[in-house]
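Protein chains in written order, with the numbering used here: chain A, 553 to 848; chain B, 349 to 848.
If you are wondering where the hints come from, they were derived from the structure by calculation, not from laboratory data.
Don't take each hint at face value.
Claimed, not checked - Covered stretches of chain B, as calculated for chain A (at least 3 residues, CB under 8 Å):
#1 403-417
#2 538-545
#3 601-607
#4 661-668
#5 740-752
#6 759-765
#7 813-826
What the hints assert, rightly or not - Rough simulated footprint, nothing fancy, chain B against chain A, three-plus residues with beta-carbon under 8 Å:
#8 565-573
#9 750-761
Each residue gets a CB set at the ideal place from its N, CA and C atoms; glycine is no exception.
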Amino acid sequence: MRIALFTTCLAEALAPRALKATVLVLEHVLEHVLEHEGVTVELPAAQTCCGQPMLSNGLPADAAILARRMCEIFAPYNAVVTPSGSCCSVVREKYEALFARGSADHKAVVALAAKTFELIEFLETQLKIDPATLRGKTPSAAPITCHDACHLRGIHRHGSTAPYLTRACCGDVRELPDAAQCCGFGGMFSTQFPEVSTALGEEKLAHVASTGAATLVASDTGCAAHLAGLAHRKNVALRVISPAEALAESLGLLETGAPNGGNPGAPNGGNPGAPNGGNPGAPNGGNPGAPNGGKP
Amino acid sequence: MNPLIAPPLPFDMKPRARDAVRDLKLQQFVGNATHLKDTQRGGIFGRDFGHDYDELRTVARDTKQYALDHLDELLERFITNAEKSGAKVHAATTGREACEIALNIARAHGAQGRAMSCVKSKSMVTEEIGLLPAFEAAGIKTLETDLGEFILQIDGDAPSHIVTPMIHKDRVATAKSFVRELGARYTEDPTELTMIARAHMRGLYRTADLGVSGANFLLADEGAAVICTNEGNFDLSVGGPPVHIVFVGIEKLIRGACDLAPFLKLLARSGTAQPLTVYTSFVRGPRRVGEHGGPKELHFVLVDAGRVGVLASEKRDLLRCIRCGACLNACPVYRKVGGHSYGSMYAGPIGAVLTPELERAQGNTDAGLANYADLPRASSLCGACYEACPVKIDIPKFLMHDRARLRERGLSPKSEGHMLKLWRWLAERPAMFRFAIRAVRLHARMLGSKDARSGAEHSWIKSAPGPGAGWTQSRDLGIATGESFREWFARRDNKSGGGR
Numbered sequence: 553m554r555i556a557l558f559t560t561c562l563a564e565a566l567a568p569r570a571l572k573a574t575v576l577v578l579e580h581v582l583e584h585v586l587e588h589e590g591v592t593v594e595l596p597a598a599q600t601c602c603g604q605p606m607l608s609n610g611l612p613a614d615a616a617i618l619a620r621r622m623c624e625i626f627a628p629y630n631a632v633v634t635p636s637g638s639c640c641s642v643v644r645e646k647y648e649a650l651f652a653r654g655s656a657d658h659k660a661v662v663a664l665a666a667k668t669f670e671l672i673e674f675l676e677t678q679l680k681i682d683p684a685t686l687r688g689k690t691p692s693a694a695p696i697t698c699h700d701a702c703h704l705r706g707i708h709r710h711g712s713t714a715p716y717l718t719r720a721c722c723g724d725v726r727e728l729p730d731a732a733q734c735c736g737f738g739g740m741f742s743t744q745f746p747e748v749s750t751a752l753g754e755e756k757l758a759h760v761a762s763t764g765a766a767t768l769v770a771s772d773t774g775c776a777a778h779l780a781g782l783a784h785r786k787n788v789a790l791r792v793i794s795p796a797e798a799l800a801e802s803l804g805l806l807e808t809g810a811p812n813g814g815n816p817g818a819p820n821g822g823n824p825g826a827p828n829g830g831n832p833g834a835p836n837g838g839n840p841g842a843p844n845g846g847k848p
Numbered sequence: 349m350n351p352l353i354a355p356p357l358p359f360d361m362k363p364r365a366r367d368a369v370r371d372l373k374l375q376q377f378v379g380n381a382t383h384l385k386d387t388q389r390g391g392i393f394g395r396d397f398g399h400d401y402d403e404l405r406t407v408a409r410d411t412k413q414y415a416l417d418h419l420d421e422l423l424e425r426f427i428t429n430a431e432k433s434g435a436k437v438h439a440a441t442t443g444r445e446a447c448e449i450a451l452n453i454a455r456a457h458g459a460q461g462r463a464m465s466c467v468k469s470k471s472m473v474t475e476e477i478g479l480l481p482a483f484e485a486a487g488i489k490t491l492e493t494d495l496g497e498f499i500l501q502i503d504g505d506a507p508s509h510i511v512t513p514m515i516h517k518d519r520v521a522t523a524k525s526f527v528r529e530l531g532a533r534y535t536e537d538p539t540e541l542t543m544i545a546r547a548h549m550r551g552l553y554r555t556a557d558l559g560v561s562g563a564n565f566l567l568a569d570e571g572a573a574v575i576c577t578n579e580g581n582f583d584l585s586v587g588g589p590p591v592h593i594v595f596v597g598i599e600k601l602i603r604g605a606c607d608l609a610p611f612l613k614l615l616a617r618s619g620t621a622q623p624l625t626v627y628t629s630f631v632r633g634p635r636r637v638g639e640h641g642g643p644k645e646l647h648f649v650l651v652d653a654g655r656v657g658v659l660a661s662e663k664r665d666l667l668r669c670i671r672c673g674a675c676l677n678a679c680p681v682y683r684k685v686g687g688h689s690y691g692s693m694y695a696g697p698i699g700a701v702l703t704p705e706l707e708r709a710q711g712n713t714d715a716g717l718a719n720y721a722d723l724p725r726a727s728s729l730c731g732a733c734y735e736a737c738p739v740k741i742d743i744p745k746f747l748m749h750d751r752a753r754l755r756e757r758g759l760s761p762k763s764e765g766h767m768l769k770l771w772r773w774l775a776e777r778p779a780m781f782r783f784a785i786r787a788v789r790l791h792a793r794m795l796g797s798k799d800a801r802s803g804a805e806h807s808w809i810k811s812a813p814g815p816g817a818g819w820t821q822s823r824d825l826g827i828a829t830g831e832s833f834r835e836w837f838a839r840r841d842n843k844s845g846g847g848r
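Just chain A, same shape as in the assembly (with noise of 0.2 Å):
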């Protein structure tokens, strides 16, 4: 079996570490809990972007050039597992509706949708690794909570990454008032009317402050940037990481605290004021030398 990763342009561009988790998470899965031989993640170096912006913003011949593209360059692998909801959902629900039925390129995006998967979806549902066997030596107590992207909705997944890490004991998953509101990113949309945009993220920074949670885990890269970005500029210390690190953090497959694609402190030299008090380091104390780490 051979598993592609689907790394998504905006991830590359903006959160490797969640790209870099994913990957650890999965061998983690495959070499510790199901020890399954001659399963591999590859990363298709082709790819680029699925054309969801174009998609997205009236032009479906453009998003049409790429969805081929992804057809062809996956073509070759078992499973596709992505750690970005919104990029899945436009492989899985979108593409179908870009060609002809009947045509070659229909049966080439309907037989990519069937084995495209969002990462936490991938585990519980194919890979049907019971969250319980994912808990780390250490389980954390650090207060987290959860945002799934909207697009999850269209796979039915949406609300599926809190129980998920809840019962891996990434944390101490604090339910998120009002869950089901986009927290206002919705691609383009954030830059089209950001005053919109920008009211409904900081409603949602505000549930996310409620819940007492230093960190937020958001299933979209989209999502995460624009909450990440938002707290920083209004100084709140909140980190924003994947459902991805979530899971390697408390594994140990990663360093808690580091601060990519989030925000691991409050600026200006931490903020007293702020709601937990900004943030007091890595919970766990770092963790050099990740157990279970690399390969053999």
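Position chain B relative to chain A; hints supplied.
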């Protein structure tokens, strides 16, 4: 007509949206009410049908779609059966025609030298065709009898929600309006406020010459209309005056009472989280011999006003809409900008896709989309509307469809189009695409700001040019500037060992 819902065209949504976001009262009223209704909707469906009521939605979707696919046949059947029961049926291609028909009916009953009066129950299609301004111009004094619509009427305000038209106001504003317009004593008690309105209206029902209403469903087999209300005002408006006119969009037709059940199960639950509206009234024919109530004359005005055009277009699914308002309550953008930001009597997700197709939006140029170019873009495509829709209208799909139409007609910002085309061109060339990503990361490393605690491997861009300015006006952009994912992946592949 009220410029809040019939603005000068082309309509610019952005200033209204900006103002609405800063309007703290609107944020509170609309935010609270929509969240509450949306939560209660989920609750009542869960309680009554289990959380999966998808089957019921599918039945409703297919039933309504069947009716739309057989609209010609059903229209004929409705007309035959309605006339058989003694009602008069009129067809209006345009809103103006619909108003003219009503004015002619009124004139036929008008007494010389006496002003006529009309009691009207809530109807979106009458907002759409501008019935009230037409009646006022003809000297027909019209009373909105739905409490919310009544308050909006005395305030010179306009509805901002399909189902709860005064969602943007509260009872404090209502109390003040009642003191000012009705000479009532000041009270904020909802029951007392309702009694004040009731006392004001009761006599007017008795003396009105004309009753006007909309309809939720038209039954072809029975030649009847079904009207769902909570206040009983419809029954009074149809029971008192000698003449009643039902205005109804042609898309409200269904086969007959045999098909009504799924819609009644869905409508009130979706809209207001009630199992049924308080009143579900059936109107069939005028008063018959021996009956004590009901109008002596009953008219149906079947309104097209752009609907036939929608039926022939790719957006025909929109005509399935039963105006429950669930998509408005579920929509994050509607919750923030309120109904008046959409510049139409149909706000929220369904309004964003429907408004450009309506007759009035076309102006004189047959260019509804050009007149409402902001509407398809005012969405994060989160899909909450589709999830809430009881007849499964894939609203995000139609928003994307309209975005493509905007782009084809050159109605979207050009710079944005060029950028997306360039992005796609680069994406076909992996080496160049990777170079572009590296350039972004390099840019961030050189010019972005670093915090003491975010380390050397993370930068924040605080101001960006072009479309990026919309981002950085309120947000920073965090970019990881250290080792790229591909470098890391290649490094550990080479070592074929750990490393992170």
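We went through each hint and held it up to the structure:
no.	hint	in the structure
1	403-417	violated (count 0)
2	538-545	violated (count 0)
3	601-607	violated (count 0)
4	661-668	violated (count 0)
5	740-752	holds (count 4)
6	759-765	holds (count 3)
7	813-826	holds (count 11)
8	565-573	holds (count 7)
9	750-761	holds (count 4)
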